[in-house]
Structures are given as structure tokens and as C-alpha cells.
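Student: Sequence:
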Amino acid sequence: MAPCGKLWGFPAQRQTKVILAAAAVAGLEIDTPHFEFRVTNKTPEFLAKFPLGKVPAFQDATGFTLVEGASIARYQSYLKYQLFDGIINRQARSLEYLDTYLASKSSGFLIADRMTLADIALAAATLQTGRTTCGTTERALYPNVFAHYEKVTSDQRVKAVFGEPEFLERALTYKKT
234 MAPCGKLWGF PAQRQTKVIL AAAAVAGLEI DTPHFEFRVT NKTPEFLAKF
284 PLGKVPAFQD ATGFTLVEGA SIARYQSYLK YQLFDGIINR QARSLEYLDT
334 YLASKSSGFL IADRMTLADI ALAAATLQTG RTTCGTTERA LYPNVFAHYE
384 KVTSDQRVKA VFGEPEFLER ALTYKKT
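Residue 234 is where the sequence shown starts when you use the working numbering, and the numbers rise one by one after that.
Think of the hints as simulated: they come from the structure by calculation, not from any bench.
Be a bit skeptical, because a hint or two may be false.
[What the hints assert, rightly or not] When the alpha-carbon atoms are kept at most 30 angstroms apart in a straight line, the in silico DSS-like pairs for lysine-lysine are as follows:
hint: 1; residue 1: 250; residue 2: 287
hint: 2; residue 1: 239; residue 2: 250
hint: 3; residue 1: 338; residue 2: 384
hint: 4; residue 1: 275; residue 2: 239
The task is simple: from the sequences and hints, build the whole structure.
Tutor: So this is what it looks like as C-alpha cells:
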């Protein structure tokens with residue numbers, strides 16, 4: 234398999250270990266060019282890709298670049314389907330919790346008896362979920378979460394920004410290659 238990109242960092246660095254382990258679990262190969270701190274990351278070539286000179290630093294096969302260990306590891310986990318199921322399971326647990334919590338709120342809002350920033354933020358996340366990983370069948374499992382979305386977006390000021398939801402009938406799935 235061709236490498237999915239290059240990672241510059243210290244082999245003993247915690248963030249580098251997390252990134253390489255996430256890639257290994259996902260079955261991804263990453264090139265790790267020789268790296269010398271305060272030498273490699275000060276070269277014009279490195280600074281052209283990563284202007285702050287920070288490590289770990291990652292460049293994928295398309296030229297896309299990232300710094301910061303957690304961001305790089307998260308990106309790696311999205312590249313391969315092995316970790317996709319874990320993300321979906323974590324989302325399901327979060328939606329179950331939210332659905333139960335919202336069922337206990339007579340107002341239908343998260344915090345107060347009126348809409349707050351927290352409600353708008355949750356509605357935005359719910360919108361993305363309904364457009365990607367929750368089809369009609371999955372949305373039926375979380376009626377209070379999607380009722381909350383409807384309540385927040387029934388405010389015309391919010392609806393003007395969010396638009397029509399365009400939720401999927403069937404959730405998107407990861408195609409194994």
C-alpha cells in the first residue's frame with residue numbers, strides 16, 4: 234500500500250506515538266522522514282509547508298497539511314473504515330444520552346425555558362448528523378434530539394440561517410476499498 238502521507242516528529246514524542254498507532258490500527262502507512270529538532274523544522278522547505286515550524290507535522294498524499302498531534306491522529310482515524318464504526322458507536326451513545334436528557338426537559342430546550350447558544354450549537358450538530366450519519370431509521374431512535382432541532386429551527390431567525398435540513402433517507406456509509 235502507498236503511504237497516505239508524511240509525518241515529521243520525534244519517535245519518542247507522545248503525540249507522534251498516538252498518530253502512528255492510530256494509523257497502524259487503521260492499516261495506514263505513513264512515511265516518517267528523518268527529523269532533527271531545530272534543524273529540520275527551520276529549513277525553508279519545512280517552513281513553506283508548516284510556517285510555525287511546529288511538530289508533529291503531517292502532510293497527506295494530496296499536499297494537505299496539519300499540525301498538532303490530536304488533529305493529525307483524528308484525521309488519520311477518518312481516513313480508514315476500521316475506525317469509522319467506533320466513531321458511529323460513540324455518536325450513538327451521545328445521541329442516546331441527549332435524547333434521554335431532552336425527554337426530562339419540559340421546555341424542550343437544553344438549559345433554560347428559552348433558546349440559548351447551547352441550543353443553537355446542538356441544532357447545528359444535529360443538522361450535520363441528519364445530513365450524514367442519521368437516516369430516517371436512525372433519526373427515529375432519537376425523537377427528542379430531532380424534536381429539539383425542529384423547536385430551535387422553528388424560530389424564523391434561526392431557520393433563515395440554517396435553511397431546510399435536507400436530511401438523508403439513508404445514512405451515508407463508508408465504502409471499504
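Student: Does each hint hold? Answer for all of them.
Tutor: Do the hints match the structure? See the list:
1. 250 to 287: Distance of about 16 angstroms is within 30 angstroms: holds.
2. 239 to 250: holds, 14 angstroms
3. 338 to 384: Cα-Cα ~13 angstroms, so holds.
4. 275 to 239: Answer holds: residue 275 to residue 239 is near 17 angstroms, not above 30 angstroms.
Violated hints for the displayed structure: none, as all numbered hints are satisfied.
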